Amino acid sequence: MNTALSWIKAYVPELDCTPQEYLDALTLTGTKVEYYENLDKNLKNIVVGQIKKIDKHPDADKLIVCQVDVGKETIQIVTGAPNVKEGDKVPVVLDGGKVAGGHDGSPLPENGIEIKAGKLRGVDSFGMMCSIEELGSNTNFYPEAPEDGIYIFDDSAVVGSSAIEALGLNDTVFEYEITSNRVDCYSILGIAREAAATFNKPFCPPVVELKEQGGDDVNNYISVEVKDKDLCSRYVARVVKNIRIAPSPKWLQRRLAASGIRPINNLVDITNYVMEEYGQPMHAFDLDKIDGKKIVVKRAKDGDTFMTLDGEERKLDGEILMINDASKPVAVAGIMGGENSKITDDVKTVLFEAATFNGANIRKSAKRLGLRTDSSGKFEKGLDPRNALDAINRACQLIEELDCGDVVKGVVDVCEPLKELNKIEFRPDRINDLLGTSVSAEDMLAIFKKLELEYNENDKMITIPSFRQDLEGIADLAEEVARFYGYDKIPSTLPSGEATTGKISFKQRIEQKAREVAEYCGFSQGMCYSFESPKVFDKLLIDEKDPLRQAITISNPLGEDFSIMRTISLNGMLTSLSTNYNRRNKDVRLYELANVYIPEKLPLEKLPDERMQFTLGFYGEGDFFTMKGVIEEFFDSIGLKDKLSYDPKAGKPFLHPGRQANVVYDGKVVGYLGEVHPEVLDNYDIPVKAYVAVLDMPEIVPFASFDHKYKGIAKFPAVSRDISMVVPKEVLVGDIERMIIQRGGKILESLTLFDIYEGEQIKEGFKSVAYSITFRAQDRTLEDADVSAAMKKILNGLEGMGIELRQ
Amino acid sequence: MKEKLEKIKQDAIAQIEKSDALEALNEVRVNFLGKKGELTAVLKSMKDVAPEDRPKVGQFVNETRAEIERILDEATKKMEKLKRESQMKNEVIDVTLPAKKNMVGHRHPNVTTQEEVERIFIGMGYEVVEGPEIETDYYNFEALNIPADHPAKDEQDTFYINGDFLLRTQTSGTQVHVMEKGKLPIRMIAPGRVFRSDEVDATHSPSFHQIEGLVIDKHITFADLKGTLAEFSKELFGEDTKVRFRPHHFNFTEPSAEMDISCFKCGGKGCRFCKGTGWIEILGCGLVHPNVLRMSGIDPEEYSGFAFGIGLERIALLKYEIDDMRLLYENDVRFLKQF
Chain X
137 MNTALSWIKA YVPELDCTPQ EYLDALTLTG TKVEYYENLD KNLKNIVVGQ
187 IKKIDKHPDA DKLIVCQVDV GKETIQIVTG APNVKEGDKV PVVLDGGKVA
237 GGHDGSPLPE NGIEIKAGKL RGVDSFGMMC SIEELGSNTN FYPEAPEDGI
287 YIFDDSAVVG SSAIEALGLN DTVFEYEITS NRVDCYSILG IAREAAATFN
337 KPFCPPVVEL KEQGGDDVNN YISVEVKDKD LCSRYVARVV KNIRIAPSPK
387 WLQRRLAASG IRPINNLVDI TNYVMEEYGQ PMHAFDLDKI DGKKIVVKRA
437 KDGDTFMTLD GEERKLDGEI LMINDASKPV AVAGIMGGEN SKITDDVKTV
487 LFEAATFNGA NIRKSAKRLG LRTDSSGKFE KGLDPRNALD AINRACQLIE
537 ELDCGDVVKG VVDVCEPLKE LNKIEFRPDR INDLLGTSVS AEDMLAIFKK
587 LELEYNENDK MITIPSFRQD LEGIADLAEE VARFYGYDKI PSTLPSGEAT
637 TGKISFKQRI EQKAREVAEY CGFSQGMCYS FESPKVFDKL LIDEKDPLRQ
687 AITISNPLGE DFSIMRTISL NGMLTSLSTN YNRRNKDVRL YELANVYIPE
737 KLPLEKLPDE RMQFTLGFYG EGDFFTMKGV IEEFFDSIGL KDKLSYDPKA
787 GKPFLHPGRQ ANVVYDGKVV GYLGEVHPEV LDNYDIPVKA YVAVLDMPEI
837 VPFASFDHKY KGIAKFPAVS RDISMVVPKE VLVGDIERMI IQRGGKILES
887 LTLFDIYEGE QIKEGFKSVA YSITFRAQDR TLEDADVSAA MKKILNGLEG
937 MGIELRQ
Chain P
19 MKEKLEKIKQ DAIAQIEKSD ALEALNEVRV NFLGKKGELT AVLKSMKDVA
69 PEDRPKVGQF VNETRAEIER ILDEATKKME KLKRESQMKN EVIDVTLPAK
119 KNMVGHRHPN VTTQEEVERI FIGMGYEVVE GPEIETDYYN FEALNIPADH
169 PAKDEQDTFY INGDFLLRTQ TSGTQVHVME KGKLPIRMIA PGRVFRSDEV
219 DATHSPSFHQ IEGLVIDKHI TFADLKGTLA EFSKELFGED TKVRFRPHHF
269 NFTEPSAEMD ISCFKCGGKG CRFCKGTGWI EILGCGLVHP NVLRMSGIDP
319 EEYSGFAFGI GLERIALLKY EIDDMRLLYE NDVRFLKQF
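Order-wise, the sequence lines are chains X and P. Add 136 to a position in the first sequence, counting from 1, and you land on the number used in the working numbering. Add 18 to a position in the second sequence, counting from 1, and you land on the number used in the working numbering.
Check each hint, because a few of them may be wrong.
[Claimed, not checked] Here are the simulated lysine to aspartate or glutamate pairs, EDC-like style, with alpha carbons at most 20 angstroms apart: (1) X/K643 / P/E136; (2) X/K649 / P/E148; (3) X/K737 / P/E136; (4) P/K101 / P/E35; (5) X/K625 / P/E148; (6) P/K252 / X/D624; (7) P/K236 / X/E634; (8) P/K293 / X/E173; (9) X/K596 / P/E319; (10) X/K639 / P/D235; (11) P/K74 / P/E56; (12) X/K643 / P/E145; (13) X/K737 / P/D182.
To be clear, the hints were calculated from the coordinates, so they are not data collected in a lab. This one's a predicted model, so the numbers in the text were calculated from it and none came from an experiment.
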């Protein structure tokens with residue numbers, strides 16, 4: 137919302153502050169000023185001058201030489217402007233002055249343009265006559281200015297006086313950020329009331345009195361019927377006859393222009409002016425185009441169409457509220473009038489409407505129609521029905537002041553019973569309790585008075601004016617006190633009371649470990665979106681019937697690429713690896729800790745299972761076993777030690793069929809790892825091998841523990857034995873190890889694979905595997921016999937697996 | 019005899035002085051002090067000495083031996099030192115050659131910032147809790163005093179699954195989950211991912227993170243809110259940080275405020291970073307709205323509380339001077355490795 141300071145000052149006449157002081161003070165009482173601009177910031181030394189004499193330039197056909205009376209003296213100015221004649225009063229920038237921009241209306245330079253005396257084609261020129269563009273504005277906001285040429289004042293301008301003042305450019309425009317609860321502040325009066333309270337100055341709103349020179353009775357002109365009362369709680373109508381269309385006076389034009397509204401003519405300008413001033417949109421119909429002297433407010437029917445006054449054909453539906461006459465719709469309520477009833481220059485009688493429509497309905501209708509207007513923007517915030525009558529009367533007052541027509545006596549007012557004004561008990565102690573202050577009751581009441589909240593001593597109740605629909609209870613009153621007492625004056629303390637323990641949950645501790653281990657192992661943390669394209673399942677070669685395809689769909693996504701909630705975390709990882717590869721980053725290792733969303737069934741009936749996935753991926757240095765190492769480091773760090781195994785039959789379609797495994801802990805699948813399938817690598821445009829692992833944290837957390845017990849460091853010597861075996865190819869090393877561990881007994885300390893070989897010297901279908909096995913007892917030095925017995929058991933076991941011992 | 023010993027000594031000294039390597043010194047040791055050495059030979063010839071002279075000669079031999087040993091040790095030490103010095107001279111390296119770095123990963127700047135915030139609040143006795151990212155309409159809106167027709171619920175801001183379920187637009191719903199458990203007092207923060215339908219650009223992302231804070235107890239005041247957040251800001255942005263509270267509006271708090279911190283770039287004088295104002299907007303906060311307390315089964319006359327919501331990315335971008343939000347989701351290691 138933009139407003140001119142002069143408009144605010146009209147209702148707070150004693151307001152006296154710099155723009156910066158105004159910005160700071162209003163921001164601290166809750167009417168945030170985003171920005172301000174002095175309209176004359178680059179205008180200097182510009183006066184009203186009168187052209188006394190015009191001569192031809194001796195050396196240039198397109199230039200003329202003017203003698204201009206600028207008050208104290210008459211100066212010579214050379215110009216090429218085609219539109220001036222002797223006697224014209226024009227803005228003149230004097231030697232050393234400044235204008236805002238060039239005459240072509242191109243973007244204004246930051247610091248304006250300085251004007252110096254000089255010669256034009258050999259003739260002295262001591263200043264410059266200005267166009268409206270050079271003064272920093274344009275013909276939209278100064279409709280009387282010529283399209284191309286010098287601005288010409290009307291005859292009342294005083295020669296030698298400031299042209300900046302004469303043009304109303306000695307003003308400041310403020311831009312506010314109004315919060316959605318302060319509907320009243322989407323109006324000049326609302327902001328002026330806040331400004332008055334902030335600076336402790338009297339607030340003087342306009343006093344509305346009508347002469348009703350049109351006589352007669354409005355009821356002879358129009359009747360109103362509201363059929364859909366749920367969407368229209370009040371409809372006020374007035375009639376003005378003998379309309380006299382003319383330009384608005386300058387002061388009114390300037391105020392509209394500062395709000396960014398283009399002045400058109402007195403009638404249109406008045407409705408816009410009142411909308412800004414009171415925050416109440418109004419509409420004007422040409423009464424002669426209204427059939428049956430009747431207005432009917434009701435919902436449209438599905439499939440109806442209607443041409444709005446911008447000439448567009450609109451498709452309606454059964455929830456859009458329409459203003460109708462006896463035979464046809466004439467306006468989309470609160471949004472835009474119709475082509476069939478719009479005001480034209482030959483209008484004789486006008487029907488004014490000021491209504492209160494349902495905010496949510498207007499918002500939704502405007503959205504469905506794709507037609508958001510200044511009017512709908514105000515209505516959608518939910519307006520105060522009491523404001524409608526005041527606003528329409530104010531408009532009629534301006535009609536009379538501007539001599540725009542004759543207001544007919546009386547008003548048609550169809551109104552649902554107005555809600556009684558809200559009352560809140562005044563409890564100064566509670567307010568101080570909430571704020572942590574000790575503001576006196578008198579000071580609080582003084583604040584309330586400024587805000588027009590009335591206090592009744594007898595029942596200790598505060599009556600809330602209807603324009604403050606946001607004030608409902610004691611907490612709201614506390615905020616009003618805080619705003620004007622000053623947020624900065626409220627003390628700064630720390631909560632007292634019962635001590636609490638600061639902590640993170642066990643799950644969060646496990647995640648912290650995951651991050652630490654991943655980073656120790658060279659993986660950097662990435663972050664991916666939770667939503668992705670349904671195409672990722674194809675990219676990952678996931679079967680049509682795979683339950684992973686049962687993904688939650690967003691009904692209003694940002695596009696198909698962000699339309700489903702991911703059920704698998706790999707797409708993000710592979711996309712990130714691809715990004716890195718294609719930017720020529722070497723040896724990239726990434727991890728991510730984030731959720732996948734698994735619905736129990738679709739469509740969703742209960743919240744889905746959000747499962748935290750620890751996803752790792754890399755390309756470059758390393759292989760399958762590098763990834764396996766990371767998993768084991770992580771498991772070690774969270775106390776998952778002895779029950780870890782790998783099952784090569786993971787069946788993941790997106791992984792290399794011979795290089796993948798489920799990660800199994802205590803018989804439970806808790807994740808998987810593997811080399812990415814070459815076809816999937818192609819799909820992601822990664823031309824090198826890549827490895828991934830996904831650990832399903834909800835499965836892992838229950839096994840985790842930070843409970844460690846110290847085991848004594850062995851005092852007795854260890855004994856090592858090496859064995860070399862010829863093993864059928866299909867026997868897994870994991871199974872051999874399980875056998876050695878199972879048979880080795882208590883004295884088995886460790887086993888290390890030191891050689892694995894296939895090829896020459898080994899018969900077809902077999903591989904050579906060699907282990908070093910270490911035995912140790914905690915309580916004695918082992919005898920040869922102990923070790924031999926254990927070895928014998930191990931070897932027997934291995935032989936049972938079809939393994940031959942190599943000599 | 020004495021002369022003989024003196025000569026042996028002089029010979030030994032001469033040979034020691036001539037030696038230019040540890041091996042040569044060792045040879046001297048063997049030649050004079052070894053089993054077949056000259057001094058040993060003298061000892062062996064003691065039987066030829068008159069018995070009454072033996073103690074004296076013996077003493078003399080021992081003195082000579084000690085003397086040679088002493089000189090020999092001294093020379094050995096000197097030689098070892100020389101040898102080490104020359105060895106080290108040969109081992110001089112160019113210390114400006116590039117370091118051999120361990121391959122260590124880096125944490126996402128968002129998470130680092132989150133952990134920093136968590137650390138501060140944990141220190142003040144807050145528990146870190148989590149809530150669901152897919153939420154019901156009730157927890158995301160209604161229980162937060164955002165009625166059915168509020169513009170914030172408009173489709174343009176919220177991703178909906180269907181009428182009942184949506185992607186949470188704020189972490190504030192977690193407040194309600196915690197309050198409903200009924201355990202008081204409450205001091206919690208809830209970091210997490212939130213979603214709003216904003217197109218991706220340098221300053222917007224459809225997915226970002228918030229940290230919600232909530233304190234509920236008897237006698238919690240707006241002054242407590244101010245003090246807590248001032249303390250937090252000093253911890254996070256530096257001891258000299260000043261805070262400013264401006265009235266604002268949120269449905270679930272009353273009174274509400276936005277908090278600015280003094281610009282850490284210019285110290286509050288005004289610069290491009292703070293758009294000349296000297297202040298940077300950091301978070302929204304306020305006293306928990308009585309309606310919210312009531313809906314969660316807490317009596318607003320007995321208990322009060324404050325809540326705040328911090329935009330994590332906003333803080334991370336400010337703190338690290340990252341100028342494009344898209345970098346946070348690209349996962350380019352050249353970006354990640356800077357944190």
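Verification of the hints:
no. : hint            : in the structure
1   : X/K643 / P/E136 : holds (15 angstroms)
2   : X/K649 / P/E148 : holds (18 angstroms)
3   : X/K737 / P/E136 : violated (35 angstroms)
4   : P/K101 / P/E35  : holds (16 angstroms)
5   : X/K625 / P/E148 : violated (35 angstroms)
6   : P/K252 / X/D624 : holds (17 angstroms)
7   : P/K236 / X/E634 : holds (10 angstroms)
8   : P/K293 / X/E173 : holds (15 angstroms)
9   : X/K596 / P/E319 : holds (18 angstroms)
10  : X/K639 / P/D235 : holds (18 angstroms)
11  : P/K74 / P/E56   : holds (19 angstroms)
12  : X/K643 / P/E145 : holds (13 angstroms)
13  : X/K737 / P/D182 : holds (15 angstroms)
Consistency with the previously given hints fails for numbers 3, 5, ordered from lowest to highest.
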